[in-house]
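Protein sequence lines correspond, in order, to chains A and B. For the first sequence, this note's numbering begins at 13 and goes up steadily by one. For the second sequence, this note's numbering begins at 13 and goes up steadily by one.
These are calculated hints, taken from the structure and not from any lab test. On a predicted model such as this, the values are computed, not experimentally measured, just so you know. Don't take each hint at face value.
Said to hold, decoys possible - These stretches of chain B come out as covered by chain A in the derived footprint (C-beta under 8 Å, 3 or more residues):
#: 1; region: 53 to 67
#: 2; region: 200 to 206
#: 3; region: 230 to 238
Said to hold, decoys possible - Simulated DEER-style distance windows between Cβ atoms:
#: 4; chain 1: B; residue 1: His237; chain 2: A; residue 2: Ala348; range: 54 to 64 Å
#: 5; chain 1: B; residue 1: Glu129; chain 2: A; residue 2: Ala376; range: 54 to 64 Å
#: 6; chain 1: B; residue 1: Gly113; chain 2: A; residue 2: Gly58; range: 18 to 28 Å
#: 7; chain 1: A; residue 1: Pro277; chain 2: B; residue 2: Ala106; range: 45 to 55 Å
#: 8; chain 1: A; residue 1: Gly58; chain 2: B; residue 2: Leu193; range: 51 to 61 Å
#: 9; chain 1: B; residue 1: Pro134; chain 2: A; residue 2: Lys198; range: 24 to 34 Å
#: 10; chain 1: B; residue 1: Ser187; chain 2: A; residue 2: Pro277; range: 53 to 63 Å
#: 11; chain 1: B; residue 1: Gly113; chain 2: A; residue 2: Ala303; range: 56 to 66 Å
#: 12; chain 1: B; residue 1: Lys174; chain 2: A; residue 2: Thr57; range: 52 to 62 Å
#: 13; chain 1: B; residue 1: His237; chain 2: A; residue 2: His239; range: 27 to 37 Å
Quick reminder that beta carbons are idealized off the backbone N, C-alpha and C, glycines included.
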Amino acid sequence: MLCSIKLISAMKIRLAIIALALIAQVVSAAVMAAEIKIGVAEALTGNASQYGRPIRQGIELAAGEINAAGGVPGTKLTLLFEDEQGRKEEAINVFKKLIFQDRVLMLFGPTLSNSAQASDPVAQAAKVVVFGTSNTADGITSIGDYVFRNSVTEADILPVTLKVAAQKTGFKKVAVLYGNDDIFTKSGYDNFARALQALKIPVTTTETFAKGDVDFKPQLTKIKASHPDAIVLSALIAEGAPIMVQARQLGINLPFIGGNGMNSPRVFELAKDSSDHLWVGSPWSVENPAAENQRFIAAYQKAYGTLPDQFAAQAYDAMYIVNQALRKMKLTGKLAADRKALRDALPSVQWTGATGPFKFRQVAGRDGKPAGYDAVQTAIVMMTKNNKYVIQK
Amino acid sequence: MLAQQFVNAISLGGVYALFALGFTLVFGVLNVVNLAHGAVFTLGAYAALQTALYFHAPLPAAILVAAVCSAGAGWILDKLVFAPLRARQAPHLAPMVATLGVAIVLTSVVEGFFGAENLRFPTGILPTDTLSLAGLHFTWLELQIVSLAFLLMAVLLWGLKKTRAGRALRGVAESPKAAALLGVNVEALLRVTSIIASLLGGVAGVLIALYTNAVFPHMGQPMLHKGIAVVILGGMGDIRGALLGGFFLGFAEVFSVAYIGSTMRDAVAFGLLFIVLLLRPEGLFGQAAQRRA
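Chain B on its own, in the form it takes in the complex (with noise of 0.2 Å):
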């Protein structure tokens, strides 16, 4: 049992840590907190739901083409309320009110569009073989899963620290003013920014709904709550603060239901999270007052 429920956790794990990058990403860089995150989430599922249904697409293109909604929405976002906001210089709570509004409209739009109940992806687009290795069970979906997750977060990683717009993007993370004044386009950069991050969240939205099987217009909502433990507790814009605690959930998550109960599945997991914090008020990885990305 417990080999079965460190797979299991390290899926769960991949996820989380995959939805809170895009969430730590918008913190670091652009400094807002952004409750929309949980809508793009389920609008990726979605835009991969109907792809998958109405043109019978293979996985690839229909995860493609969520990908493809979701950076648009990223843009759109940055375009409506992030960047207007940046204009007017507005005060901190501003842009996290207007993607409160974003998610509300998002959600409400899935919900007017496909309903409220629960849908699935069509059987036959899904691999259904299952590997069992010495008692193991995991199937093939799952282990692509978890590649995919690990995949992109090593390719948002590299590409942090070794292009040239990634280290651009880690300056305006430091100062936006600095890097303005080396010639930066700031501007760009953020919308840049705000469109990877959707990426990543909606791709984030199609892998859970594909690993539970279940895709709904709320599923974006748990997964919100859970995002923002896990960015918080990793240190509020740190990339590796992210990786590190969407595994620390998930593990936490899966060991509470197997060693002290199902019903205490989200006291532990976020009563452990509150005592890391009273340890470390700033997070794994935080340092106090400084943004980094």
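Just chain A, same shape as in the assembly (with noise of 0.2 Å):
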């Protein structure tokens, strides 16, 4: 008998020990002011997935440092990824889901521009900050004051790299050659032609060639007949890529100064040893030494096993702009609060990060009345040489 009931009290005085871990727990979570959730809707499938990818591990990295570091000081940041499958009708979808249902207090995504268009509009109307890491188009920032970006735009990068690739080639005068049929190699030739204009280079010609063109050798042979002394080119690696070496074929050695379509390691393997002279900007290089720039790559590339590119240092630079918002502000726990709180305290941020020094402008709205914020930051331009981009200063 004494046995025995010597057993259940020591099984009561365990079941009371569990009871009040327990207890505990749930208590300590309270204290803690539960966590910052934060929603990430980028493309993770579909075709734009090969720019949604990168962009979630920037952010899950980054997210990952900070937490590691303690958190914005005692909470932690907890990241709510929902694929948008780069729709437009998917991407307001989530976008109602991680605003209403799981009540988060800021937004990353979505992966593209066109999706922006619409799902922007969504996150301005409930009061909640949208932060695009990706989007490039014009008017994006414009839906209103709760849309921020730090993907710097063609239209801020490609003045910069004209200038900068004039002053050292020396060029004075231009040919363009473009894709006429697609929004975006389109949006980079208007962009080229603004910014021709402003700097008053003359431009010898004009050529345009289609999406699923092959032979370009008409167009660079008029090119050539007009002695420009570069070429100016708005086009997708596809297309881009035979485009230099159709040049080069036909003897054509002038510099080409490319817009973002350009920007890619995938040049050297289309290109491969017709590739040199090619001119880009970018807001972001692998290439680039500055110390914030080659932690970031050692850490991606320790957790992903990849080199990253400039989709996953711009996620992870927004991550640590949004932290420093969250540092400068209190949280009430009182959700609508929060959320015009963080919007008040990201603008005056500045940070450098992988990307560079980084601050936010403030740009019109539809109606001219001050709406979102676009990015401030230097591109930078680099040129390649032996199957290799160079940066130059």
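Can you join these two chains into the complex? Each is in its own frame, and there are hints to help.
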């Protein structure tokens, strides 16, 4: 008997300990003011996932580092990922889910400008910060004052690329070649044309091609006959690389000045040994020796086993920019107030990350009133040499 | 510039003509609008590319493999699609729609295996020397492409004219029934036609891939559109018409870029085609309601 009583009391004590532990856990969770929930809506499947996946990894890497260093003092960052598939209907759906159901503090995404045009108004209406890391089209941040991005647009980069290339190579007049049936290459051309006008560089001839074209020799022959000093090229890599090869075959050894579509290491495969003297501008470069950048590259490689790209770098920096804002504000636990406080804290953030020194610039909305925020950042201008990008200062 | 554009036009026209030859051959003899010809063209390019990439084979070997693969595709195409439909005496449109299906399958298979992005031939195996002659630039590669295109066309024309099989083939094109009564093995000849046509298409695929430095799954699509245009222009089913039509389109495209503007490239080329057809609805060499090869 005695023995069994002892057994029972031992069990009771054990139960009590377990119960206490459970209570303690619940209490401590409540005291910690939970966590900071951040929604990440990116294209994780489908065509645009080639951009969406590096973005996810960049954000994940930064949030992991911030949490490992103690979080936003006392509070951990929790990321909620949703796949918007690169489609605007899906982007609207996951935005609504993250904002109203998961009740996140803010959102990153979506991957494509096209989707952002459709889904960012949802966030604006709900008064939730939406932060794009890869949207470069005009007019995204005009949607409203809750829309932010740190992706530098071609309108900012191309004039710098042209200016630096003109200084270095001393070209006086250029020929222009662009794809006229693709929104991206066409808007690249528009930006180039504006920049050429501003820099007062005469254009000898403007030629076009269509998506899926493979033979560019007639255009290039015509360009050659107009005697330019350089060729301005707004193309995606699929057409841009064969254009470079065919130009060299025709004995055109002029420098090319490319848009963001030509800023891809794939040019060294597709235009191998014909890729020299291509000038591109980029917000980020793997070759940039700055300590912040090299630290990011090493951490990314360690975590994912591959080299990061521009999209991962911009996403990584975006998470740190938000982190800076969170440190400046006081979380009250009231969602609407916190969402507004974050919006108010973000615009003044300045940060130096993998993509270099960064700050925000407010843009005008469609009604002319102040709206969202674009990036202010210096482009890195690079020239290809021996199948490698070399940074030009 | 004029002389260089001439060189460009001849190279481009040669590839168009080679592609159109196979297309017109199938139409002339089998009486089928073969919409899979563009996909066979893609297949040829990929076969050569893979041979060059994985076996580090020299260019002639890669082209040979492409020829064998596309010829094989032609055999399968006839065995699985054309022959059963012939046996059932299917109406005109059935084989055309069937080849559309074949094109989708072939393109998807290529895309599934090798991905959707652009590829190119390794630089090591290509002759990279450039010839400069009186301000003209052409590469050895271009010369080889053009000569191979012309060689294949010459062999085909000679074969059709002078050999026994060629004569039989023309007989079949004229009237399969009469040919059969004269002891010609019509089924076998039709199959051979499909094989030869696909072979020409596949080799054209390698040549344009080499000429333009781009291999991608949908490369056959614009080519097919142009091939159809060329064949209609030349007169459906006429070999000389396909040759001339190919060069016509090559010259029209190149010179519309040179003298009118690159935005108008396709508009001018196809506009000219339209005018020719208004004047000669049966095409340059076509004879209304008569089949030839």
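Verification of the supplied hints:
Only residues whose beta carbon comes within less than 8 Å of a beta carbon in chain A count, and the region 53 to 67 of chain B has 0; fewer than three means the coverage is violated. Proximity of the region 200 to 206 of chain B to chain A, defined as three or more residues with a beta carbon under 8 Å from a beta carbon of that chain, is not established by the 0 residues found. Coverage of the region 230 to 238 of chain B by chain A holds in this model, with 4 residues showing a Cβ closer than 8 Å to a Cβ of that chain against a need of three. Take His237 (chain B) and Ala348 (chain A): their Cβ atoms lie about 57 Å apart, and the range 54 to 64 Å holds.
Between Glu129 (chain B) and Ala376 (chain A) the CB atoms are about 39 Å apart, so this pair departs from the stated range of 54 to 64 Å. A hinted range of 18 to 28 Å for the beta carbons of Gly113 (chain B) and Gly58 (chain A) is consistent with their spacing of about 25 Å. At about 48 Å, the beta-carbon gap between Pro277 (chain A) and Ala106 (chain B) stays in the expected band of 45 to 55 Å. As the Cβ distance of Gly58 (chain A) to Leu193 (chain B) is approximately 59 Å, the hint placing it in 51 to 61 Å holds.
Between Pro134 (chain B) and Lys198 (chain A), the C-beta spacing of about 33 Å keeps the proposed range 24 to 34 Å intact. Separation of Ser187 (chain B) from Pro277 (chain A) is about 60 Å and conforms to the stated range, judged on CB atoms against 53 to 63 Å. Taken as a hint, the range 56 to 66 Å holds for the pair Gly113 (chain B) and Ala303 (chain A), whose Cβ atoms sit roughly 58 Å apart. Separation of Lys174 (chain B) from Thr57 (chain A) is about 59 Å and conforms to the stated range, judged on CB atoms against 52 to 62 Å.
Between His237 (chain B) and His239 (chain A) the beta carbons are some 35 Å apart, a value that agrees with the proposed interval 27 to 37 Å.
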